[in-house]
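Number of protein chains: 2
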Amino acid sequence: MAKHVYDFAEGGRDMVDLLGGKGGNLAEMTNLGLPVPPGFTITTEACRAFLSEGELPAGLNDEIGEHLVKLEQTMGRKLGDPEDPLLVSVRSGAKFSMPGMMDTVLDIGLNDLSVDGLTKQSGNERFAWDSYRRLIQMFAKTVMGANGDLFEEAIAALKTETGAHTDLDLDTPHLKKLVATYKKIVKQETGLDFPMEPRAQLDAAILAVFKSWNGERARIYRRQERIAENLGTAVNICSMVFGNLGLNSGTGVAFTRDPATGARGVYGDYLEDAQGEDVVAGIRNTLALQELEHLNSAAYAQLLDIMNTLEHHYRDLCDIEFTIEKGKLWMLQTRVGKRTAAAAFRIAAQLVEEGIIGMDEALGRVSGAGLAELMFPRFDEKTATASLTKGMGASPGAAVGKVVFDSPTAVAEAAKGEAVILVRTETNPDDLPGMIAAKGILTSRGGKTSHAAVVARGMGKTCVVAAHELVVDTKAMTFTAPDGTVVSQGDVISIDGKTGGVYLGAMPVVASPLVRFFEGTFDADSADTDTRDLVAAVERILRHADARRRLFVRANADMPEDARRARLYGAEGIGLTRTEHMFLGERRKLVEAMVLAETDEERQAALDALLPLQRADFYAIFKEMDGLPVTVRLIDPPLHEFLPDLTDLSVRVAVARATGKVDEEAERLLPAVRRLKEQNPMLGLRGVRLCLAIPGLIKLQVRAIAEAAAQRIKEGGNPVPEVMVPVVGAVQELEHVREEAEAVLEAVSQETGVHLEKMIGTMIELPRACLTAGQIAESADFFSYGTNDLTQTTWGFSRDDCEASFFPLYMDLGIFGASPFETIDRDGVGKLVRMASATARTVKPGIELGVCGEHGGDPESIHFFNEIGLDYVSCSPFRVPVARLEAGRAALPKAVSGSVKSSQ
Amino acid sequence: MAKHVYDFAEGGRDMVDLLGGKGGNLAEMTNLGLPVPPGFTITTEACRAFLSEGELPAGLNDEIGEHLVKLEQTMGRKLGDPEDPLLVSVRSGAKFSMPGMMDTVLDIGLNDLSVDGLTKQSGNERFAWDSYRRLIQMFAKTVMGANGDLFEEAIAALKTETGAHTDLDLDTPHLKKLVATYKKIVKQETGLDFPMEPRAQLDAAILAVFKSWNGERARIYRRQERIAENLGTAVNICSMVFGNLGLNSGTGVAFTRDPATGARGVYGDYLEDAQGEDVVAGIRNTLALQELEHLNSAAYAQLLDIMNTLEHHYRDLCDIEFTIEKGKLWMLQTRVGKRTAAAAFRIAAQLVEEGIIGMDEALGRVSGAGLAELMFPRFDEKTATASLTKGMGASPGAAVGKVVFDSPTAVAEAAKGEAVILVRTETNPDDLPGMIAAKGILTSRGGKTSHAAVVARGMGKTCVVAAHELVVDTKAMTFTAPDGTVVSQGDVISIDGKTGGVYLGAMPVVASPLVRFFEGTFDADSADTDTRDLVAAVERILRHADARRRLFVRANADMPEDARRARLYGAEGIGLTRTEHMFLGERRKLVEAMVLAETDEERQAALDALLPLQRADFYAIFKEMDGLPVTVRLIDPPLHEFLPDLTDLSVRVAVARATGKVDEEAERLLPAVRRLKEQNPMLGLRGVRLCLAIPGLIKLQVRAIAEAAAQRIKEGGNPVPEVMVPVVGAVQELEHVREEAEAVLEAVSQETGVHLEKMIGTMIELPRACLTAGQIAESADFFSYGTNDLTQTTWGFSRDDCEASFFPLYMDLGIFGASPFETIDRDGVGKLVRMASATARTVKPGIELGVCGEHGGDPESIHFFNEIGLDYVSCSPFRVPVARLEAGRAALPKAVSGSVKSSQ
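Sequences listed follow chains F and P, in order.
Read in the numbering used here, the first sequence has 215 at position 215, and its numbers run on one by one without any break.
Read in the numbering used here, the second sequence has 973 at position 69, and its numbers run on one by one without any break.
Just so you know, the hints here were simulated from the structure itself, not pulled from any lab data.
Even for Gly, the Cβ is constructed at its ideal location relative to N, Cα and C.
Hints may be right or wrong, so weigh each one.
Taking lysine-lysine and the DSSO-like style, the derived pairs with C-alpha atoms no more than 27 angstroms apart in a straight line are [unchecked claim]:
#, chain 1, residue 1, chain 2, residue 2
1, P, 1379, P, 1306
2, F, 677, P, 1735
3, F, 661, P, 1493
4, P, 1320, P, 1493
5, P, 1581, F, 677
6, F, 416, P, 1230
7, F, 677, P, 1343
8, F, 844, P, 1735
9, F, 831, P, 1748
10, P, 1230, F, 831
11, P, 1091, F, 439
One-sided excerpt, in silico: chain F residues whose CB lies under 10 angstroms from chain P [said to hold, decoys possible]:
#, residue
12, 425
13, 428
14, 648
15, 658
16, 679
17, 771
All chains, please: the whole structure from these sequences, using the hints.
Shown next as structure tokens:
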């Protein structure tokens, strides 16, 4: 028969699969000889068995009984003993932390008799009765399924009746009366009496924790966090210790280093005469941990000693909960502590310096997401203006602008060149134009997956949500802060998308020191210690990532200045140069001429006029990226994108006519725009189709590339152009383009007397291209996965239309964990990419495989691309350091790298 | 060393892979003891070796020499002998017929000396010199690559000079002069002399035939016909016999039965004193084959005997070419003959009756495409009006209407209820609205893959292209027929999309007798023999198909009357009921109310009003299909499809405002339409996304289905509803809908006291659904592949936007053989369907798998769906018999079924 129950002394943190995170760490501390209140853990396996079979595994009850007897012997008390009761807590503890998602019951063992025993034991009658009423309340709600509000209402009614301001003003008689009321509520609500039998309490609490694994909150959380459904939770039964037994008792939390900045030195809070939940409730002000030295120097010294032990043992920052009961220190929990991005880098570097971990481990403990966060511009904190409130940071960045309360005003003001912050209670798809126009978005409601949050993250726009304290009145066009400040339309505010801070007035925004470092303008001497240390830590770890990684990192850049920046950030080439901008601006007239051409000659004339302009564009990029590959994508969007909007034109024509005028330009363009109008431009005449349909278009583009490259070579440069054909679905398309492109390259070689390589490949962005990758590979020198479009066609939804309209709903429903446009969808899109890569390599082992969709800069996606053996990722210049870091982390052995998200 | 050359006596028709179709059949006839002029065949293998290595396989030259010597011995003449020359033809002959795509050279062996020998041999000097000039012309163009026009120009000049009307008016001296001129042209054009050496002529001609396999025409033809590139062609070297040696010579073609109607009895043409090319050129009128009896009764009797032998031997209709040289009959070619659709059915049934073939074979010899053709309405030929011309039938059907010459007029006239025929020189995407509005399309240019042809076939609209004889003047708005008739805008014409016929005036259109048969209104007694036989043949073969097939056939039907017709045509259920129309018409106001609702109550009120209407719709369909499954698809299109067009509304609002008025309805709707506007509606908020996003929408639809079914059950009916959820990409979407739908079904069961099955499945129409089919199958009772949308997303092109814009180009370029919206793309879309089906069956062996895209009615696609083991196909009611037939054919053993296209 399987063993389902482990004493703390029997376990260890390598058993988290079986004992959960909390149970594993309690066991670890117990075995380190640290003062942990004795207890035992029921395994996740027992939970899984219960959930699948609907009953407890055979023998579990007996096993619990045996461990309980042992616990009673150790403690010298019996569970719920009327004279000197042992009380226990029953807590969930899954493999992955799911804070607040599952159930906990404290003070198991109290009943009408043992409450007196607790009084005797503690010498504190009010404490005993308060513990008892807490048990009933928690047990009734959690275990018996009673409506928790009724208990809150009862206590509120009692306070009104007795004139008590807080719970603490209720005295023992009040609490006794409350216990009686609570029992009545239990009976009325559930038809059952609150159970007096201690073991019955325990058994019921254990079952409730098991069941809470499948509670709705827990299930949605797991979907979002992508935690497997079948893990189950362990249950920890731990003897209760009390921090609320007077001034020589107390409770606290501690970190072995500063989790905010990463600075060395202990860090934490302590609260006298209190229990853990009081610290969370924030009723009284806590003391800094150091104050404990004056209150109980022995306990303080012991705590520091323990923290040192733990940090060396865990080889990382530890986060600790402890209680002091009548002067004696008890360790209630430890785990590797969460930390800010800056702290993650600094602590990792410190631990390397201190000889505790190696560079691989240091790299495994930081994350690209953290690095990205550190690279955002930030408010200069020295010059903080009046803080209005703090919401939830939903999309990082620092935005300053005039307040507007509706989308049209945002659009109108932005059109005038004003920076605006759109303030709403919540956003909906109607607000999209305003969100695009605004520098930042602030909502008083919503959460991390609300419409505003999802859309803003998608656009990389600063966003603060859930600023509940603000009263937003969109009709009056004002919002009111808790201090009474009224902010009206046009007033300037500043919002911090990382911290959630909202400030009155314009906060100065400064570039991240890391950005200054990458761009070569960081002055270490004038920086403070924290900043200097951070930059040094990032540099060191990033260097190690570069040494480690197998994936090359390129950047997506359309302009010479972007290319230059990308190179500063460490890009090893340009993975995607979009040529669309080369058909815009002043050149729009030429595109119009091309589209409106009635003869081949007219069209050719327009193409000829474009040639020198494009050639100059390519020349400048090749110059910046000398010696590194530059992948140039042939024109991709449908033609009508270069023409005015059909609705606008139709309105212009109709209004002019209705008022007896003639809008000549609109009249001239309307027929062409109407002809080129497509119901679904994304699925229309674009990419290779357009290139094949418009005679001369391939020739123009390839010639511009070839002539620019030839010019560079003649100057002694080393351009490495790669011609990329977009939207290919069938190898025959690529064959036609290749034939034409090779002829042009050959011709320019002849004309200029310079040898030009014929590197011609395709963007793989359609499911069919993946499905027929073996055929396409025959004709392609490289594949670059365009995962944005591939996601669109694989899922059949477009980013523009859907990310704002139903993605928030889908996140709420748990259909997505993350937007598939941010993180590669492994099961669908990823499967196609994996299949295509394997097939292509079979056909042509040396084919170059890369990614140029936005997933190229996403940490989790980078790990996937590394796993399936691609050659490079390409991302926006700003994300290049992130990609370098994650590519390095992806190359680490699994044991070292941990999860993609690291420990932040 | 491989054998590369086979005497005719060494081969047989089972060797077509090696000897090609022509070679195999010549060998077959030789071995049957029929009078075939002796000769030999060089294998396709030799051709393949030559094409891949660039040189003839070792030993081939010697082998040809040996066979040539044997041939000379048999014939008692030597190739090109000056006294009594053997002349040979060199003809290509691939495995699959590629008519006119590759090269042929006749009269090899003639030169300045042997021309006199031929004169002596034939006693006809003019004949000898005419043969010589033909050789030079053909050889120079085909083998030496000279420009063929120069020879045509030379002969034209000579005719002018001599006053000759036709080639036949040129006498011997003229021809001698022409030979001299031709030789000069050869020298000037190629720098080489026309070769005098007979063996050199032969070798060069063989090489030219090999090379012609890779000629551009041949390659494009193979791409379109999907003939493999690597087959190569065989070369047949055959001793020449001459039908142009006087009145006791001649040449003819014959069929063993009437290939047009299928009637029993020989059928063919004969031309005295002529060669095969004269028959093709149509210079003189041919005689009916029967006349040969009077001209040469022995040869005629021998021919009939041979035809009987061949038909019994080939067990099918044979198509024969023969020549009579000085009274002696020679067989030049035979093959299984092409025939019309009607003939195919009748001949197959006759051969069964005659005990020559079995029912399986009969089924293998007809085709769904043929059956579809027979079901189109047709002109009543008895009442034929004046024929104007004959073009190429590009999309079958019979259309009658007023002539219009431009798209806007077509739209305007159609809006008035006029039937119109759009007449253009060629169409382009601008003409699309007019093509949609017209009953038929007629163009003077273009071909089978021109824009007009492709688009019309896609729309199932009657179309005639390539009516070259018509002079279309779109400015004058007239076209002129060869007989001088001028047809103006507004005149009525009739076009036959099958025959290409164009008629003045309104031809009466009659329903196909097969349609009358299926619908139970066919009166056999009053029909003529041909029609009665045809109906009987179709009935018999279709019955056999039903007995044979493994696939069930359902129909797509949205209305009760469609369902009724589908049942008459043999549908075994409804595979797709679209519910979109249930939100249109009068109900549009309710949809508007639903969309514009500002509160949950307002929305619910609109939904409640829709409920009884939808219930009545479903009730009527369930009643028609009693006892058979009806798959109801929940609402699929995006909401804005039920609202007015954004551009129209914007123009209305702007014009009203500009002229000082207010368009209240437009003002009211515009904000909602703007909000719901999507860039790419196909990739937007539709299908399951819409169902999840609009509270109450799932409940409404499922309740309407459930209540209708319950009502039918109470009446003693047997409704079999299946609820289909569209646009599912992730199993989680389906899980949410299933939960809600099951609850509604359960509730209606409770309310009505009737048991309702919970058959809930999904339309698989996104690549991601195929890729995650294993997950989705867990939650689906059935999959129905929506191959239209699946094709759109897999290829990333929408039918609406692309079929008219670049599909014609893609067909010309050979990128597609057939539109992937007509015939399933096996390599891409098909691969997804195959993968998904295999995975789904692994997870849930009993899952029902069907197809409801338009491919469900396409013959080639049906074979594919049968091959991968689907359970049913569903198609439009009209295609149901086609699908039954092809499903039966697909179930035949490979040896019997032949190709999908059968022998028509």
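Taking 27 angstroms as the top limit, are the C-alpha atoms of residue 1320 of chain P and residue 1493 of chain P close enough?
Roughly 25 angstroms between the alpha carbons, so the hint for residue 1320 of chain P and residue 1493 of chain P holds.
Within a Cα-Cα threshold of 27 angstroms, do residue 831 of chain F and residue 1748 of chain P meet the stated pairing?
At roughly 21 angstroms apart (the allowed maximum being 27 angstroms), residue 1748 of chain P and residue 831 of chain F satisfy the hint.
Taken at face value, is the distance from the CA of residue 677 of chain F to the CA of residue 1581 of chain P at most 27 angstroms?
Satisfied, since the Cα-Cα distance of roughly 15 angstroms is no more than 27 angstroms.
Holds or violated: the hint that residue 428 of chain F contacts chain P, with Cβ atoms closer than 10 angstroms.
Residue 428 of chain F check passes; min Cβ-Cβ to chain P is 9 angstroms, inside 10 angstroms.
Checking one constraint from the list: CA of residue 416 of chain F to CA of residue 1230 of chain P, max 27 angstroms. Satisfied?
Cα-Cα ~97 angstroms, so violated.
Close enough to count: is the Cβ of residue 658 of chain F nearer than 10 angstroms to one in chain P?
holds, 5 angstroms
Checking one constraint from the list: CA of residue 1379 of chain P to CA of residue 1306 of chain P, max 27 angstroms. Satisfied?
Between residue 1379 of chain P and residue 1306 of chain P the Cα gap is close to 17 angstroms, so the pair holds against 27 angstroms.
Would the hint on residue 425 of chain F be counted as holding, given a Cβ-Cβ threshold of 10 angstroms to chain P?
Interface hint status for residue 425 of chain F: violated (16 angstroms vs cutoff 10 angstroms).
For the pair we were handed, residue 1091 of chain P and residue 439 of chain F, check the Cα-Cα distance against 27 angstroms.
violated, 79 angstroms
Holds or violated: residue 677 of chain F with residue 1735 of chain P, Cα cutoff 27 angstroms?
violated, 32 angstroms
Residue 844 of chain F paired with residue 1735 of chain P [C-alpha distance capped at 27 angstroms]
holds, 21 angstroms
Does the structure keep residue 661 of chain F and residue 1493 of chain P at a Cα separation of 27 angstroms or less?
violated, 36 angstroms
When the structure is compared with the earlier hints, violations turn up for hints 2, 3, 6, 10, 11 and 12 and for no others.
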